[in-house]
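Undergrad: Build the full structure now, drawing on both the sequences and the hints.
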Amino acid sequence: MIEIPSDLHKDLVPLAFLLGSWAGAGVHDFPGAEKCNFGQEVAFSHDGRDFLEYQSHTWVLDNDGNKVRPLESEHGFWRIDADRKVEVTMVRNDGVVEVWYGELADKKPQIDLVTDAVARTAASGPYTGGKRLYGYVNSDLMWVGEKQTPEVELRPYMSAHLKKVVTPEDVERWAKALPDDMPDDGIAFFK
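Residue numbers for the sequence shown, in my numbering: 165 to 355.
Read the hints as simulated data drawn from the structure, not as lab findings. Backbone N, C-alpha and C define an ideal beta-carbon position, used for all residues, glycine too. Don't take each hint at face value.
[Claimed, not checked] Restricting the straight-line Cα-Cα distance to at most 30 Å, the calculated cross-link-like pairs of lysine-lysine (DSS-like) are:
#, residue 1, residue 2
1, Lys311, Lys328
2, Lys272, Lys327
3, Lys327, Lys231
4, Lys311, Lys271
5, Lys174, Lys295
6, Lys327, Lys199
7, Lys295, Lys231
8, Lys249, Lys311
9, Lys340, Lys231
10, Lys249, Lys231
[Said to hold, decoys possible] Across the chosen pairs, the derived CB separations fall in these ranges:
#, residue 1, residue 2, range
11, Gln219, Tyr265, 16 to 22 Å
12, Ala246, Ser209, 18 to 24 Å
13, Val301, Asp171, 24 to 30 Å
14, Glu167, Glu315, 42 to 48 Å
15, Val191, Glu167, 26 to 32 Å
16, Asp175, Glu205, 38 to 44 Å
17, Val263, Ser237, 17 to 23 Å
18, Val308, Glu167, 21 to 27 Å
TA: Written as structure tokens, this is what we have:
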């Protein structure tokens with residue numbers, strides 16, 4: 165279910181499907197790097213202004229699904245204009261800063277992004293750009309990232325399947341929204 169907060173900036177309504185905390189797992193595979201499964205936590209939040217704040221943390225998982233070590237962290241800001249054009253500014257823990265542009269698909273919650281600008285610190289690894297696809301599918305957030313370097317052509321390197329994280333505050337809000345005349349046993353409500 166997609167909820168649109170009453171204090172969400174009106175321009176961000178098309179991006180409301182991203183809001184909240186998400187958690188799940190995916191696969192990382194790029195030449196020159198360790199192939200691994202990873203866990204991920206993502207948060208999209210807002211404060212009433214015309215952007216979403218984005219945070220992502222990933223970590224390597226062992227064969228039993230336990231956290232081994234951090235993999236990547238990102239922080240950024242997402243905007244959308246009246247023509248459904250999306251812009252993202254993002255900084256990564258490895259010293260890369262990116263500007264992404266893309267578009268929200270027509271009649272479906274899917275965003276395609278491509279890097280427009282990349283800046284790297286001296287300590288960061290080789291990287292020249294990428295593409296990302298985010299989609300809201302059956303109430304889950306799924307994404308795939310592509311990456312290129314001077315040595316490697318653009319190719320998929322990370323993808324994940326994330327589930328919405330439900331907080332105690334969510335449960336309390338939903339419980340308060342239940343009708344007052346709900347039957348005591350709850351079963352009759354569904355008949």
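Undergrad: Would you mind marking each hint as holding or not holding in the structure?
TA: Evaluation of the provided hints:
no. : hint                        : in the structure
1   : Lys311 - Lys328             : 26 Å, holds
2   : Lys272 - Lys327             : 18 Å, holds
3   : Lys327 - Lys231             : 18 Å, holds
4   : Lys311 - Lys271             : 27 Å, holds
5   : Lys174 - Lys295             : 27 Å, holds
6   : Lys327 - Lys199             : 23 Å, holds
7   : Lys295 - Lys231             : 27 Å, holds
8   : Lys249 - Lys311             : 21 Å, holds
9   : Lys340 - Lys231             : 36 Å, violated
10  : Lys249 - Lys231             : 36 Å, violated
11  : Gln219 - Tyr265: 16 to 22 Å : 21 Å, holds
12  : Ala246 - Ser209: 18 to 24 Å : 23 Å, holds
13  : Val301 - Asp171: 24 to 30 Å : 27 Å, holds
14  : Glu167 - Glu315: 42 to 48 Å : 44 Å, holds
15  : Val191 - Glu167: 26 to 32 Å : 30 Å, holds
16  : Asp175 - Glu205: 38 to 44 Å : 26 Å, violated
17  : Val263 - Ser237: 17 to 23 Å : 18 Å, holds
18  : Val308 - Glu167: 21 to 27 Å : 25 Å, holds
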